[in-house]
Amino acid sequence: MALLEAEGLVRRFRGLAAVDGLSFTVEEGKTLAVIGPNGAGKTTAFNLISGLLAPNAGRVAFRGSDVTRKRAHDRCRMGLGRTFQVVQPFAELDVVGNVMVGALFGGGAKSVDAARREALRLCELVGLGAKAAWPVGGLTVPDRKRLELARALATRPAVLMLDEVMEGLTPVEEREAVALLHRIRAEGVTLLLIEHVMSTVRDLSDRVIVMDYGKKIAEGTYAEISRDPKVIAAYLGSEEPMRGAVPPSDPPA
Amino acid sequence: MRRALAGWAAFLVVAALVPLAIGGDRYLMLLANVMLMFMALALSWDVVARTGQLSLAHGAFFGLGAYTVALGHRYAALHPLLGLLLAAVVGTAVAAGLGVVTLRLRGIYFAIATLAFAEVLRTVAFQLPDITGGPVGISMPPLFDGDRLLSYYVAGAIFVVALALSLGVRYTRAHYAVTAVRTNETVAAAMGVPVVRTKVLTFAASALVATLAGAFYMPFITHTDPQDAFEVSRSVAALVFPIFGGIYTTIGPVIGTIVLRSFEEYLRVTPPWKEGYQVVYGAVIVLAVLFMPRGLLGLTQRVRAWRS
Chain A
0 MALLEAEGLV RRFRGLAAVD GLSFTVEEGK TLAVIGPNGA GKTTAFNLIS
50 GLLAPNAGRV AFRGSDVTRK RAHDRCRMGL GRTFQVVQPF AELDVVGNVM
100 VGALFGGGAK SVDAARREAL RLCELVGLGA KAAWPVGGLT VPDRKRLELA
150 RALATRPAVL MLDEVMEGLT PVEEREAVAL LHRIRAEGVT LLLIEHVMST
200 VRDLSDRVIV MDYGKKIAEG TYAEISRDPK VIAAYLGSEE PMRGAVPPSD
250 PPA
Chain B
0 MRRALAGWAA FLVVAALVPL AIGGDRYLML LANVMLMFMA LALSWDVVAR
50 TGQLSLAHGA FFGLGAYTVA LGHRYAALHP LLGLLLAAVV GTAVAAGLGV
100 VTLRLRGIYF AIATLAFAEV LRTVAFQLPD ITGGPVGISM PPLFDGDRLL
150 SYYVAGAIFV VALALSLGVR YTRAHYAVTA VRTNETVAAA MGVPVVRTKV
200 LTFAASALVA TLAGAFYMPF ITHTDPQDAF EVSRSVAALV FPIFGGIYTT
250 IGPVIGTIVL RSFEEYLRVT PPWKEGYQVV YGAVIVLAVL FMPRGLLGLT
300 QRVRAWRS
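Chains as they are written, first to last, in numbering that gives the first Met the number 0: chain A, 0 to 252; chain B, 0 to 307.
Don't read these hints as lab results, they were simulated from the structure. Since this is a predicted model, take the numbers as computed values, not measurements. Backbone N, C-alpha and C fix where the C-beta goes; we use that ideal spot for every residue, glycine too. It is possible that some hints are incorrect.
Unchecked claim - Dumping the calculated SDA-like pairs for lysine to any residue here, alpha-carbon to alpha-carbon at most 25 Å:
hint, chain 1, residue 1, chain 2, residue 2
1, A, K229, A, E175
2, A, K130, B, V100
3, A, K69, B, R103
4, A, K214, A, E166
5, A, K109, A, Y234
6, A, K130, B, H174
7, A, K69, B, L77
8, A, K69, B, Q300
9, A, K130, B, V195
10, A, K69, A, D142
11, A, K69, B, M0
12, A, K109, B, R196
13, A, K130, B, R196
14, A, K69, B, V33
15, A, K130, A, K69
16, A, K69, B, A304
17, A, K130, B, L200
18, A, K109, B, L200
19, A, K109, B, V100
20, A, K130, B, R169
21, A, K29, A, Q84
22, A, K109, B, Q300
23, A, K109, B, I250
24, A, K69, B, A287
25, A, K130, A, A113
26, A, K69, B, R169
27, A, K130, B, V194
28, A, K214, A, V85
29, A, K69, B, T185
30, A, K109, B, A304
31, A, K109, B, R105
To be verified - Computed list of chain B residues with no C-beta within reach of chain A, every gap over 10 Å:
hint, residue
32, D129
33, I130
34, V192
Unchecked claim - Facing chain A, according to a computed beta carbon distance under 10 Å, are these residues of chain B, among others:
hint, residue
35, T178
36, A179
37, R181
38, V186
39, I250
40, G297
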C-alpha cells in the first residue's frame, strides 16, 4: 500500500487548470521529486495534498484512508508536513518559538517545556542551535530555509513535502542541505520534494515525476526522465534550463 | 514568567489596599469601581486582538451582561451575584455561536459582523418593551445596598478573571497558537494549528469577561437602557485603552485604562475642558494612535533604545 496517493487531482483558477488530472503515489521511505517548469502546477499540487486548497476533482489518500475532506491542520497532525517556497516565519516569535508552534500543534508535544526541548533539538539538527533565541527578522536566507525545515520537522511528519528548500542557497549550502535531507530520510521520513536544482534531484530522489501545464508528462528514475524527449522539450520550451544537470556534485557526506 | 506573576501579585495587593487610601470618599470609590471594570473589559478585548481579530462587539457583550442580570432579577428574583454567573454562561454561549458563524471571516469583515451584532442586540432591547422595558430601560436595586467597598471587591474578582485569562493566553501553549494565527493563518494551519477553533475559543473566553464587566455594571449603576447598555463608545473604549497602553500584552491594557480613564475623568470635571471634553479626549487618542503605534509600552521601549 502506498503511503500517499493522489488520484486525478484537478484544481482550476478562473477556468484555468493549474493542476489537471494529476495522479501519483509515494511509497514509504522512497523519495519522490516533482520537477517541471515554473507555473507547471507543482506548488498547487502541494497545496491540494496539504489541504490548503480544495480540489475541484480527485482525491488524496494517506495511509490508505481518504483525506480529501480533511482540513489542513488535521492532515498535518496525521503526518503530512510541509515547507513553503516563500518562507514566512512568525515574525513575533523567536527562532525556537517558531519551531515550537509545529511541535505543540502538529507534533502533539504534551507541554510547552517538552515542545521547547524538541524545538531546540531540531534547531541544533538544522544548524540553528546558536541562533535559537534570535528574532527571525535577523536571519539570512539560508537560515530562514533552515528554520522552515525545522518547523516542518517539528510537526513529526511521516511525509515531508519540501517546496524548493534549496532555492537561494550557494552550492556549498546546497551540499550541506542535501546531507541534512539524507539524515532526515534515514530517520524514516518519506520525502516529497519540489526542486529545480537537478543535482539535488539526482542525489536524493528514488523516483521523479515531471509536470507541465498541470499534467504529469513523465515519471521514472532520474536517469530515465533526464533522457525523456518530452521532458527535454518542456524545459527547452521555457526560460528555465535544467540547472545543475550538467556538472556532477560530490556524493553526500 | 515568574517575575511577571510576582509583579501582578504585587499589583493585586496594591489594588486591594486602594480603598484604604481613598478612605470613605464615595466619588473616588465610584471611579475605582469603574476603573477595575474597564480594565477587565480592555484585557478581554486584547485577548481577541492577539488572534488578529478586531472585535467591535465587546460593548455589546457588556450590554448583554447588564441585561442578563437585570432580566434575571426582574423575572427570577435572581441575586446579582448569581446573575454574574448566569451572564457569564450566556455571554460565552452567544460568543461561541457568533464566533462559529463569523470567525471564518478575516480582518475588516469580522469587525463589521461584530458591529452588526451589537446593533442587533440594541434593536432587540428596544423592540421588546414588554420584556426589556424598551427605550425606557430597566432598573434593579443597588448591589450590596450601594456599598462601594464591597462592590469594589466584586469588580476586583472580575478583574482577576480577566487577568488570569490574559496571562493564561500569554504563558501557555495558547500563546503559540494565537501568535501563529495572527501572523499567518495559512502557515499556522500547515503547522497543525486549528485556526478556527483557536479563534472561536479565544473569542468565547474573552466574551465571558466582557459580559461579566457588564453584569457588574448593571447592579452597580442600577438603571440602564438600550442606548446606554449597548453604547458604541464602550466598544471603542474596549479597544482604545489596550491600543493606547500597548496591545498583545497584559500590562498595556491595564496601564492604558488607568491613564486614559483618569484623563477623561479629569477633563470631564475640570473647567474649561468640561464643556467640550470629548473633543479634547478624542484628539488626544487620535494623536496617540498616530504617534505611538505600539502604545505607551512602545514609547518606553523607544526611550530605552534611544538612551543606550
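Going through the hints against the structure:
1. A/K229 to A/E175: 32 Å, violated
2. A/K130 to B/V100: 41 Å, violated
3. A/K69 to B/R103: Roughly 16 Å between the alpha carbons, so the hint for A/K69 and B/R103 holds.
4. A/K214 to A/E166: 23 Å, holds
5. A/K109 to A/Y234: Not satisfied, since the Cα-Cα distance of roughly 47 Å exceeds 25 Å.
6. A/K130 to B/H174: 21 Å, holds
7. A/K69 to B/L77: Distance ~46 Å between A/K69 and B/L77 Cα, so the pair is violated.
8. A/K69 to B/Q300: Distance of about 44 Å is beyond 25 Å: violated.
9. A/K130 to B/V195: Distance of about 32 Å is beyond 25 Å: violated.
10. A/K69 to A/D142: 32 Å, violated
11. A/K69 to B/M0: 37 Å, violated
12. A/K109 to B/R196: Distance of about 19 Å is within 25 Å: holds.
13. A/K130 to B/R196: 32 Å, violated
14. A/K69 to B/V33: 47 Å, violated
15. A/K130 to A/K69: 35 Å, violated
16. A/K69 to B/A304: 47 Å, violated
17. A/K130 to B/L200: 33 Å, violated
18. A/K109 to B/L200: Holds. A/K109 to B/L200 sits at ~20 Å (cutoff 25 Å).
19. A/K109 to B/V100: 30 Å, violated
20. A/K130 to B/R169: Roughly 23 Å separates the two Cα atoms, so the pair holds.
21. A/K29 to A/Q84: 22 Å, holds
22. A/K109 to B/Q300: Given pair A/K109, B/Q300 is violated - Cα atoms ~35 Å apart, limit 25 Å.
23. A/K109 to B/I250: Distance ~29 Å between A/K109 and B/I250 Cα, so the pair is violated.
24. A/K69 to B/A287: 45 Å, violated
25. A/K130 to A/A113: 19 Å, holds
26. A/K69 to B/R169: 30 Å, violated
27. A/K130 to B/V194: The hint is violated at about 28 Å.
28. A/K214 to A/V85: 23 Å, holds
29. A/K69 to B/T185: 15 Å, holds
30. A/K109 to B/A304: Violated, at about 38 Å.
31. A/K109 to B/R105: 30 Å, violated
32. D129: 45 Å, holds
33. I130: 41 Å, holds
34. V192: 5 Å, violated
35. T178: 5 Å, holds
36. A179: Holds, about 5 Å.
37. R181: Status holds, d = 8 Å.
38. V186: Holds, about 5 Å.
39. I250: 17 Å, violated
40. G297: With a closest approach of 14 Å, the B/G297 hint is violated.
Hints 1, 2, 5, 7, 8, 9, 10, 11, 13, 14, 15, 16, 17, 19, 22, 23, 24, 26, 27, 30, 31, 34, 39 and 40 from the list above are not met by this structure, while the remaining hints are.
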